[in-house]
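Novice: The chain contents come next:
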Amino acid sequence: MKHIKSLKTRSMKKSMVKGGCGECQTSCQSACKTSCTVGNQSCENENR
Amino acid sequence: MRSLLVFGTNNRRWQAVCRPGFMKAGKNLVHQYRNNGYNIVLDVNSGSVHVVDDIVYDIIAMYEDHSREQIVGELSGKYQVSEINEAIDEVAELVSDGSLFAEDVYEDFIMDFKKRKTVVKALCLHIAHDCNLACKYCFAEEGEYHGRRALMSYEVGKQALDFLIANSGSRRNLEVDFFGGEPLMNWDVVERLVEYGREQEKIHDKNFRFTLTTNGVLLNDEIMQFCNREMANVVLSVDGRKQVHDMMRPFRNGRGSYDLIMPKFRKFAESRKQTRYYVRGTFTHYNTDFSNDVISLADEGFEQISIEPVVAPADAPYAIREEDLPVLMEEYDKLSKEIVKRNREGRHFNFFHFMIDLEGGPCVAKRLSGCGSGTEYLAVTPWGDLYPCHQFVGQEKFIMGNVWDGVTRSDIRDEFKLCNVYAKPKCRECFARYYCSGGCAANSWNFHHSITDAYDIGCELMRKRVECAIMIKAAQAEDEDPSVLREDVQP
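Line by line, the protein sequences are chains A and B.
All residue numbers for the first sequence refer to the working numbering, where the first residue is 415 and numbers rise by one.
All residue numbers for the second sequence refer to the working numbering, where the first residue is 19 and numbers rise by one.
Watch out, some of these pointers could steer you wrong.
[Stated by the list, open to error] Covered stretches of chain A (in silico footprint by chain B; criterion: 3 or more residues with CB under 8 Å from a CB of chain B, positions within the stretch not fixed): (1) 415 to 429; (2) 451 to 461.
[Claimed, not checked] Calculated cross-link-like contacts (lysine-lysine; reagent style PhoX-like; alpha-carbon spacing at most 20 Å): (3) B:Lys-135 <-> B:Lys-435; (4) A:Lys-416 <-> B:Lys-133; (5) A:Lys-432 <-> B:Lys-135; (6) B:Lys-282 <-> B:Lys-260; (7) B:Lys-96 <-> A:Lys-432; (8) B:Lys-224 <-> B:Lys-154; (9) B:Lys-135 <-> B:Lys-176; (10) B:Lys-435 <-> B:Lys-415; (11) B:Lys-220 <-> B:Lys-260.
These are calculated hints, taken from the structure and not from any lab test.
Backbone N, C-alpha and C fix where the C-beta goes; we use that ideal spot for every residue, glycine too.
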């Protein structure tokens with residue numbers, strides 16, 4: 415496309431199918447302890 | 019959705035595209051903003067991110083409720099008509115493929131989500147309700163958490179690990195954070211619990227991820243070596259510049275702690291090869307120019323940095339005020355621009371709140387469930403009481419049970435279980451809802467006495483951070499592929 419560059423992103427809609435394994439880190443266990451940071455995380459499911 | 023067949027000049031195929039002006043009206047389906055010279059379009063419900071030129075930026079603002087003829091009419095004084103039509107076709111393609119103005123399909127999913135069986139997979143062990151510093155903003159009241167000083171016994175800690183294993187269902191990855199107060203004041207128990215955890219994980223096919231938060235005062239080589247073997251992550255508390263740190267994090271005698279801890283933290287970070295740790299600070303009303311604290315830590319050689327806003331009662335002198343927000347927004351912008359610059363110079367450092375994984379981020383289930391407090395994540399006091407998280411410890415109405423009897427207050431657990439972005443009215447209108455996931459329940463409680471409200475200042479900061487994080491990704495994409503749109507900016 416000439417006017418638009420789309421960044422590669424994970425489809426949220428598709429993640430409804432294989433998601434929900436729960437193996438990812440609980441957000442507050444990382445750095446923060448005071449701000450919920452789900453958006454900072456990565457998925458740890460290798461079969462997503 | 020009404021479609022129109024157009025002939026794509028790039029791919030030489032007929033394709034169905036969605037006509038402008040026939041969109042289902044919805045709020046915040048798309049969030050578009052300009053930052054550091056980039057025009058960024060975030061499609062909220064698909065998670066798609068597009069970097070666009072000025073023509074498309076203007077078109078998208080009108081696309082939902084203007085026809086093609088109206089859009090051309092409005093913009094023909096600014097751009098060539100042929101360019102406008104070409105750009106409209108590209109926008110329509112995105113709409114067709116579900117990456118722009120995507121519908122919210124998750125609200126139906128939430129019904130199944132609410133019925134989910136929750137397990138416990140993470141504990142925050144309060145190894146010590148005591149501390150050897152007197153930090154002025156401590157939500158734990160210098161480690162005491164509104165109560166008496168105490169150290170967790172090995173027996174209580176062991177029972178906590180047994181409780182976690184027994185209630186973890188089929189989850190293999192279990193997290194245990196050694197917290198406080200200051201956990202190094204009870205280091206012997208930490209070591210013994212890690213040893214116990216390692217034995218138990220073999221028996222029960224679990225994988226413990228141990229983490230530690232420390233103020234660094236008691237850190238020594240032996241502790242560092244143990245952590246490097248056993249701790250998946252360590253969080254090292256330092257606020258940034260010496261004068262900032264020493265003002266807010268003194269010893270009880272009033273002396274600053276910066277000079278003591280910094281050499282240890284530098285050594286620790288290097289011994290972990292600049293990974294699997296964070297130096298983690300707090301900014302307050304006293305240092306709204308906090309980007310300087312981040313840069314100070316980066317210039318000290320740290321590559322994993324987090325500086326986060328203080329959470330405080332509204333009347334605390336160090337609390338962040340609404341009038342601080344314009345300065346704080348500028349600081350996030352300044353910081354993200356500096357990170358882009360340093361990335362290009364090969365002097366990268368990671369700022370936690372700008373981390374975002376667009377390709378491999380959390381699934382929708384995770385984005386809906388949030389931080390897991392009160393359900394999959396619980397805090398344990400030195401006496402074995404269970405709380406929804408470390409922030410609620412000391413507020414006795416939130417005691418959920420104990421490590422022997424388990425969760426006895428399923429009503430509290432259910433309240434937290436049902437807490438998600440669709441249960442929070444403010445989240446329904448917010449473009450950042452799938453990154454923030456509803457925010458911190460404790461913040462909401464402290465400011466509104468409800469866990470389904472939102473701490474408004476926190477929300478403003480969160481939205482800004484998401485915008486900055488995505489801008490950094492746009493800049494990285496441009497550096498990787500120079501054919502992107504911005505001819506005016508050289509990498």
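Novice: None of the hints should be skipped; say for each whether it holds.
Specialist: Tested hints:
Under a criterion of three residues with beta carbons nearer than 8 Å to beta carbons of chain B, the stated coverage of the segment 415 to 429 of chain A is upheld, 14 such residues being counted. Only when three residues or more bring their CB closer than 8 Å to a CB of chain B does the claim for the segment 451 to 461 of chain A stand; here the count is 9, and the claim holds. This hinted pair checks out: B:Lys-135 and B:Lys-435 have alpha carbons roughly 10 Å apart, not beyond 20 Å. The hinted pair formed by A:Lys-416 and B:Lys-133 fails the criterion: a straight-line CA distance of about 46 Å is larger than 20 Å.
Restraint check for A:Lys-432 and B:Lys-135: satisfied, since their Cα atoms lie roughly 17 Å apart, inside the 20 Å limit. A distance of roughly 15 Å separates the Cα atoms of B:Lys-282 and B:Lys-260; the hinted pair therefore holds under the 20 Å criterion. Of the supplied pair hints, the one linking B:Lys-96 and A:Lys-432 is violated, its CA atoms being roughly 46 Å apart against a limit of 20 Å. Restraint check: the Cα-Cα separation between B:Lys-224 and B:Lys-154 comes to about 39 Å, which exceeds 20 Å; the hinted pair is violated.
For the given pair, B:Lys-135 sits about 25 Å from B:Lys-176 by alpha-carbon distance, which is inconsistent with the 20 Å threshold. Proximity of B:Lys-435 to B:Lys-415 is assessed by CA-CA distance (about 17 Å); at most 20 Å being required, the pair is judged to hold. Taking the CA atoms of B:Lys-220 and B:Lys-260, the gap is near 45 Å; set against the 20 Å cutoff, the hint is violated.
Going down the numbered hints, you'll see the structure goes against 4, 7, 8, 9, 11, while the others check out.
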